[in-house]
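Going down the list, the protein sequences come from chains A and B.
Heads up: the first sequence runs through residues 1 to 548, numbered per the numbering used here.
Heads up: the second sequence runs through residues 1 to 246, numbered per the numbering used here.
Derived from the structure by calculation, the hints contain no laboratory data.
Quick caveat, the model's predicted, so the values are computed rather than measured.
Please note that the accuracy of each hint is not assured.
Okay, the calculated beta carbon distance ranges per label pair [unchecked claim]:
no.: 1; chain 1: A; residue 1: R397; chain 2: B; residue 2: R6; range: 50 to 56 Å
no.: 2; chain 1: B; residue 1: G228; chain 2: A; residue 2: M270; range: 51 to 57 Å
no.: 3; chain 1: B; residue 1: D155; chain 2: A; residue 2: I9; range: 45 to 51 Å
For glycine and all other residues, C-beta sits at the position ideal for the given N, C-alpha and C.
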Amino acid sequence: MFARLLTWIGVDHRQFVALLRLSLMVDFRTGMIAARKGKSKGKRRGLPGLWQLALFYGFLGLVLSFVIIESANVFFTGTVVMTITMFAVAMSLLVEFQSVIVSPDDYHILAHRPIGSRTFFMARMANLFVYIGVITGAIGVIPVALYVLRDGFNPLLGLATLFGMMGASLLTGFFIVFLYINLLRVVHPARLRRVFSYMQLLLSFIVYGSGMIFSTLLDKGVFARLVFEQDVWTALLPPTWFTGFMMLAAGRWSEVTLLATTLGVCLTVMLVVYAYGKLSLSYAALLARQSEVSEKRVVHSARHRGTLPMFRRGEGRAAALLIRNQFKHDQKFRLSVLAIIPLTVLYLIAGLAEGTGLADPFVDPARHVAKANLLYFAMAFFPVLLMASLARSDSFRASWIFHATPSDKGKLVLAMKDVLVVYFIAPYLLALGVIFSFFFTSFQHVAVHVLMLTLVSHLFLQMLVFTNPFLPFSLPLRKGERTSSVFIGILVAAVFMTIIINVLARLVYPSATATSIVLLVLAVMTLLFERAAAERVRRKALTMQYLH
Amino acid sequence: MYENRRAVDHLSIDVQPGEILGFLGPNGAGKSTTVKMLTGMLTPSSGEAYVAGFDVFKEPLRVKERIGYIPESGAMYESLTPMEYLDFVSSLYHLKPDVAVARFNDLIEIFGIAQYRDQRISELSKGTRQKLLIASALIHRPEVLFLDEPLNGLDTNAALVVKELLRKLASQGKTIFFCSHILEVVERICTRIVIIDKGQQIITGTAGQIVRDTDASTLEEAFSKLTGVRTAEDLSDDVISALDRV
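Work out the full structure: start from the sequences and follow the hints.
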């Protein structure tokens, strides 16, 4: 029946099924490939990506259920549900699953195969529907159940919610297709990918931030008291176009509801029509050609000027060049390092939330520790994050160069640690110093505190290098493994930092002599540890091999 | 036109069934662009091309049903296994499932990739990937084969098998369009050679004819003379003097 229908509209059924199956396998296995690298052959694992996705969005639905329970206002809660759904679909399509829309790879692999443009389009559409369906379904399970049960038994409201969510998702999905297609006409795909990656950073900021704001609002019972009713102006908000379905089901509709809902449906249909002819192999060809044309970028020469003496020759220079350039060009590495920024900003905001400032640890140690503890948590996390990001890379195979050249692998590992301190940790702590200067009573306090934190961070980094020395970007990416090791690292770092900050603020800073002695002790410890780490790294380096 | 320049210009090639045409040229000469146009992957700004009797630009699907292509890039969907990839490709050519399974079982056995059948393509070695690419280009028994550096990454034994296979396919009446930089291989297996440079055909003939016409002693030397590349001796001298800088 379905095959006949497809044939009737000019779609090759067999090719359609093959293309759809392929897209789903590619999309949902992406990211799982690395996890299998280096492992012996084994059985297929089904579609783990799909379950991860469903689980994540199911959790989002659970969070939404608190709003639905808290507020009796269907228009308000429905609009929140539609907004979150649209946001989730947009971010997922833009950031993670761009290939759902159209991938340049399709051109290289499929363009010489006998696939008609209508078949290709329908397969892409089906892929998009499946994808949107998974996200929407996962977010919707709990909210839909709540709407069915909240006022007696109202299955129509549940159905309308699901219908509205699907509509909202489709509009968003096809709007992203529209946006993506038009942006690619003017922007190089590589630049667009970079922009999308920064959006991922923004997304994490929004997710962390809204989580904090959301829990605060929930605590204060804001949702229960909020008044948000249908009006002419609310029709300007796209999510309300789809809340309209719910209002119709609840029997609380007006002309505005009808108009807004009709507008939403019409726009969705228009975008689907627009997408036809765009989601084609010819469009994939355009993408591929654009990808092949190199992006015009300013290339800076690698001169010595402005480089510290320790990074001007030998392994130091090699490590500095590699890490700095990987940071510039390797999106994954850059983003994993930059992930510290939203975390720091949010913890800073959390510390400042009650409006009493961070306090000077030399003047009011108890209040400083209480207000800035989350900030130190982020600070302790940074070395762990850096080391985890530096170990694994997509370009891990290029690490043969460390083994095939007469470079001293021990020196390389230590140089890598120095590069992290000079180019990442020091600027980060200096930025924190600037923030501290607004709250501390004297510049001296800021300087001493930042110096102390730099020594502590360096010691921490030395310990990490000492316990697990590795060559930069020499291990394959393994999804999940990094998260778990970083999680353990965070826990250790958090305990370590809490003790250090409490000791410094409460016991050391009150006395100038004690402060000087601790600074001296930390400096000596750094030197001794550097020797010990160097010795261990040198010994370990002898056993490092290229195993890929 | 490619990046606002003429990638291929006034190129006229006629290849008969049973022929193995060696298509040569220096880097950037327009070889891959020509192959992409002939396989329906690129549309030229003007001109016409017929493959297996069909107009490439008017009836691209008819052409694509009849050709097999091995791209130099070796692009495949990395997250699939060899079996899944061959299954996928045979579906696109409408092979009957039982025929497809029998063929890809045979092919992966013959090419020595059976033990990797359930591993992801991303995990395979370069040579194994190339074998899979060759198998996927042959699975639907194409009339015309476009091969862009097909011996990339293959070991000596596998390369020998592929060369012999091409000869046999040609003897069955298949047309083979062979792009390579390995002139010894081209000289040995191609029945005719076309050399292009800057998008234009500069000579055509058998290896022997080209060598004679250019007063060269080898095809390599003839190629160098024709494509205006400085002699290997001059270039190597320049490299040595660059390395002598202190």
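Here is how each hint holds up against the structure:
1. A:R397 <-> B:R6: 50 to 56 Å: Because 37 Å falls outside the window, the suggested range is violated.
2. B:G228 <-> A:M270: 51 to 57 Å: holds (55 Å)
3. B:D155 <-> A:I9: 45 to 51 Å: Between B:D155 and A:I9, where Cβ atoms are some 48 Å apart, the hint holds.
The structure fails to meet hint 1 from the earlier list, while all remaining hints are met.
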